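Undergrad: Sequences listed follow chains A and B, in order. Residue numbering for the first sequence follows our numbering, starting at 1 and increasing by one per position. Residue numbering for the second sequence follows our numbering, starting at 1 and increasing by one per position.
Don't read these hints as lab results, they were simulated from the structure. Honestly, I wouldn't trust all of these hints.
Unchecked claim - Stretches of chain A that chain B covers, calculated by requiring three or more beta carbons in the stretch to come under 8 Å of a beta carbon on chain B:
1) 133 to 143
2) 263 to 269
3) 312 to 319
All values derive from a computational prediction rather than experimental measurement. For glycine and all other residues, C-beta sits at the position ideal for the given N, C-alpha and C.
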Amino acid sequence: MTISNTSATPIRPLAGVGNNWLRDLAGIAIILAAAVAGYFLFPNNLALLTRMIAIMLFVLSLDLVTGYCGVATLGHAALFGSGAYAAGIAAAHFGITEPLTMVAIGALGGAIAGLVSGVVILRGHGLAQLVLSIAIIHLFHEAANKASAYTGGSDGLAGISPEPILGLFAFDLWGRTAYVFGIILLVVIFFLLRILVRSPFGMLCRGIRQDPVRVSAMGASVKSTLLKMYVISGLVAGVGGGFNAVSTQVVGLDSLSFTNSAEALVMLVLGGTGTLYGALIGTIVFIGVEDLVSAANPFHWLTIVGALLIAVVLFAPKGLYGTAAAIIERYRKDGR
Amino acid sequence: MQTFFSIGVDALAYGMILFVISIGLSVTMGLMRVVNLAHGAFAMIGGYIASYAARDLGLAYGVAVILAVAGTIIIAVPLERFLYRRIYGAPELTQVLMTIGITFCVIGIANYVFGPTLKTIPLPSELQGPVDIGFRTIAAHKLFAISCGIGVAFALWYLIERTSFGVKLRASVDNTAMAAALGVRTKIVYAASFALAVGLAAFGGVIGAELLPVEPYYALRYMVTFLVVVSVGGAGSIPGALIACLLLGAIDTTGRYLVPEYGEFFFYLAVIAIVWVFPRGLMGRAK
Chain A
1 MTISNTSATP IRPLAGVGNN WLRDLAGIAI ILAAAVAGYF LFPNNLALLT
51 RMIAIMLFVL SLDLVTGYCG VATLGHAALF GSGAYAAGIA AAHFGITEPL
101 TMVAIGALGG AIAGLVSGVV ILRGHGLAQL VLSIAIIHLF HEAANKASAY
151 TGGSDGLAGI SPEPILGLFA FDLWGRTAYV FGIILLVVIF FLLRILVRSP
201 FGMLCRGIRQ DPVRVSAMGA SVKSTLLKMY VISGLVAGVG GGFNAVSTQV
251 VGLDSLSFTN SAEALVMLVL GGTGTLYGAL IGTIVFIGVE DLVSAANPFH
301 WLTIVGALLI AVVLFAPKGL YGTAAAIIER YRKDGR
Chain B
1 MQTFFSIGVD ALAYGMILFV ISIGLSVTMG LMRVVNLAHG AFAMIGGYIA
51 SYAARDLGLA YGVAVILAVA GTIIIAVPLE RFLYRRIYGA PELTQVLMTI
101 GITFCVIGIA NYVFGPTLKT IPLPSELQGP VDIGFRTIAA HKLFAISCGI
151 GVAFALWYLI ERTSFGVKLR ASVDNTAMAA ALGVRTKIVY AASFALAVGL
201 AAFGGVIGAE LLPVEPYYAL RYMVTFLVVV SVGGAGSIPG ALIACLLLGA
251 IDTTGRYLVP EYGEFFFYLA VIAIVWVFPR GLMGRAK
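One chain only, chain A, in its complex shape (with noise of 0.2 Å):
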């Protein structure tokens, strides 16, 4: 862990290992507050934080490949709704109607995805990548619509039906089932990503963010680190379009388009790119003032964001939570 911290990078020196177990016992037990908070708060509305979870899941495997790896893509998507039709065709056309197998089938086609896509994307750099990005997410879209048989096309895949989780707990009409189950997915999910960034191998992906050609000369892969993170964001991703696909038991050619990648990738942006914690702060934001504002106009809705995306990039680049995470380590400086 500490050797890392020899090389003249600008990373951050991280805190003793014992300190970083506390830090991430604190990050879970506030994410279970807020979680707590907001089964009780918006008792009513358990549907919209369900979709949330799902979301965050998905703007988690975008930070991965964008903020730790620095690759910048507009066609994420194609992970997330690979996942989410994987469960659904499983469910709806095989049968497999168990939810934790309706996920980790869900994950499966999100890493398999996250292969192609990633062999594919890394191919080119800056423009081309982009490009090829985009490219990437318009074809998966259009094999989804043209696969209609199995996808169900443009009128969405439907009778997906889950079974009760482990037998004992049934999906019920309120959504509880659902929020609770995806709740504690993020969380474990939560967990063992922390791990993985902190791991030598997520030292190496932010050290290939930094400099390519410096890690390379190193002697490490640039290439291969870079697809083995893009399996891993699949699978992440995957778990949260599996998941997305179980909790609302219906999965759309939405979940494969070009916005819902853009969104993605405001939303992480927004919350502060390479840092888990901005994903997840990112996404109840964006989610949150989505369903106050576009309530009322949606074509407003779009001009906020804009405008919205326009001042992160100016004022706040590190995003909010890492803007407010400057200021108070500013503010303990000077209290020192």
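Given the coordinates of chain A, assemble chain B onto it according to the supplied hints.
TA: Quick look at chain B alone, frame taken from chain A:
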């Protein structure tokens, strides 16, 4: 033979309109290295202004075109000064976010001001109806679009290869720091070529309104196509952009004629194949 011919004409007209709109994007991207996702929004603004001038005010088509180009430039120059200038040299992600934000704002505002319906730009009587070219007839507006594309290509070639502005532009594209050291006022070159690019986008948006109809989501729908053209052609290369437009226009139109049920599937498959083989674009330069 008849199908072949109509595919050819449509592909040529579509390709030329793509060229007029995206050549500006290619030049600015090669020059300022800004991934400008808002380029389509400028073409859309041009279309809206022309539609307003020609349909609601009843002005002549030529006047509407000039108003559209001038109006779009007037809107775009402050944007360059206050927003774009801050993201020159920034990482791609920042540029993408800023320009996508501008696009969203333009879509929202256009929808608020002009409503979600499709806007038409009434063509003058000379451009309506078919034109007989001896052995075949072609729709006049397609012929007009093709000749506009050829005209723009020649005018740009002349501007860039034969004028002193072109010399400064090429010098700035090749090496901005060195050009500045030699006395080229690169900021003015930036602003002028940005205005030129936006003006061309608006022009293309107006003359292409028959093929790419003007509506609020225009900016998002065709943004990808314009980016793809630049990426396939190679940023900053005029012949590259021309070849890319003709090639992609041909692939897209052929796909729509022969296998319409697959939509844009073949278009994007071709894009991936081309970018895979030429990561820097067909005529792109190594960095």
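Undergrad: Which numbered conditions among the earlier hints are violated in the structure presented, ordered from lowest to highest?
TA: Violated hints: none at all, because every hint is consistent with the structure.
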